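Counting in this note's numbering, the sequence shown runs from 11 upward without gaps.
If you're looking for bench data, these hints aren't it; they were derived computationally from the structure.
Fair warning: this is a prediction, and the values are worked out from it, not measured in the lab.
Virtual Cβ for every residue (Gly too), placed ideally from N, Cα, C.
Mixed in with the good hints, there may be bad ones.
In silico lysine-lysine, DSS-like type, Cα no more than 27 Å apart, as pairs [said to hold, decoys possible]:
1) Lys63 x Lys17
2) Lys63 x Lys73
3) Lys85 x Lys30
4) Lys89 x Lys73
5) Lys17 x Lys30
6) Lys89 x Lys63
7) Lys84 x Lys17
8) Lys85 x Lys73
9) Lys63 x Lys84
10) Lys17 x Lys85
11) Lys17 x Lys89
12) Lys73 x Lys84
13) Lys30 x Lys63
14) Lys73 x Lys17
15) Lys73 x Lys30
16) Lys89 x Lys30
17) Lys85 x Lys63
Here are the in silico distance ranges between beta carbons for each label pair [as the list claims (entries may be wrong)]:
18) Ala88 x Met47: 25 to 31 Å
19) Val83 x Gly36: 30 to 36 Å
20) Glu87 x Asp45: 29 to 35 Å
21) Ala37 x Asn15: 18 to 24 Å
22) Thr38 x Asp67: 28 to 34 Å
23) Asn15 x Asp67: 14 to 20 Å
24) Gly43 x Gly90: 30 to 36 Å
25) Ser46 x Pro14: 27 to 33 Å
26) Pro14 x Asp66: 17 to 23 Å
27) Gln59 x Ala37: 18 to 24 Å
28) Gly77 x Glu26: 24 to 30 Å
29) Asp31 x His61: 15 to 21 Å
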Amino acid sequence: MDHPNLKEDLRALVAEVAEKDEIPDGATFQDLGIDSMMGVEIVAAVERQYHIKIEDDEIASFKDLDGAYALVVKKLEAKGSTAAAE
Numbered sequence: 011m012d013h014p015n016l017k018e019d020l021r022a023l024v025a026e027v028a029e030k031d032e033i034p035d036g037a038t039f040q041d042l043g044i045d046s047m048m049g050v051e052i053v054a055a056v057e058r059q060y061h062i063k064i065e066d067d068e069i070a071s072f073k074d075l076d077g078a079y080a081l082v083v084k085k086l087e088a089k090g091s092t093a094a095a096e
């Protein structure tokens, strides 16, 4: 499954929730001043946007944009394969 704009869409979503002008690759959310409350808001926004469920033990993946992207791709692909199997 191809997700050509997903990373940039996630970047924009994180920037909006965190009220940041930009979210550079390689910077951790903590380094950007994103606290745990903003992190919860980001996870909730991602779940709403992509209609996925992020489990508590997966939240650690949301430490930076790359981790968030990898988890969302994994969830969307799993969701796609489940939908295809039905």
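Quick rundown of the hints versus the structure:
1. Lys63 x Lys17: holds (18 Å)
2. Lys63 x Lys73: Holds. Lys63 to Lys73 sits at ~17 Å (cutoff 27 Å).
3. Lys85 x Lys30: Holds. Lys85 to Lys30 sits at ~26 Å (cutoff 27 Å).
4. Lys89 x Lys73: Roughly 23 Å between the alpha carbons, so the hint for Lys89 and Lys73 holds.
5. Lys17 x Lys30: Distance ~16 Å between Lys17 and Lys30 Cα, so the pair holds.
6. Lys89 x Lys63: holds (10 Å)
7. Lys84 x Lys17: Status holds; Cα separation ~13 Å.
8. Lys85 x Lys73: holds (17 Å)
9. Lys63 x Lys84: It holds: about 11 Å lies between the C-alpha atoms, which stays within 27 Å.
10. Lys17 x Lys85: holds (14 Å)
11. Lys17 x Lys89: holds (18 Å)
12. Lys73 x Lys84: holds (16 Å)
13. Lys30 x Lys63: Holds. Lys30 to Lys63 sits at ~25 Å (cutoff 27 Å).
14. Lys73 x Lys17: OK: Lys73 and Lys17 at ~14 Å, within 27 Å.
15. Lys73 x Lys30: holds (16 Å)
16. Lys89 x Lys30: violated (30 Å)
17. Lys85 x Lys63: Holds, at roughly 8 Å.
18. Ala88 x Met47: 25 to 31 Å: holds (28 Å)
19. Val83 x Gly36: 30 to 36 Å: violated (18 Å)
20. Glu87 x Asp45: 29 to 35 Å: Since the Cβ atoms of Glu87 and Asp45 sit about 30 Å apart, the hinted range of 29 to 35 Å holds.
21. Ala37 x Asn15: 18 to 24 Å: holds (20 Å)
22. Thr38 x Asp67: 28 to 34 Å: Since the Cβ atoms of Thr38 and Asp67 sit about 19 Å apart, the hinted range of 28 to 34 Å is violated.
23. Asn15 x Asp67: 14 to 20 Å: violated (28 Å)
24. Gly43 x Gly90: 30 to 36 Å: Hint holds: Cβ distance 34 Å, inside 30 to 36 Å.
25. Ser46 x Pro14: 27 to 33 Å: 31 Å Cβ-Cβ, so the 27 to 33 Å window holds.
26. Pro14 x Asp66: 17 to 23 Å: At 30 Å between Cβs, range violated.
27. Gln59 x Ala37: 18 to 24 Å: Given about 21 Å between the Cβ atoms, the range holds.
28. Gly77 x Glu26: 24 to 30 Å: violated (19 Å)
29. Asp31 x His61: 15 to 21 Å: Roughly 28 Å apart at Cβ, these two residues miss the hinted range, so it is violated.
The structure is inconsistent with the numbered hints 16, 19, 22, 23, 26, 28, 29, although it conforms to all the rest.
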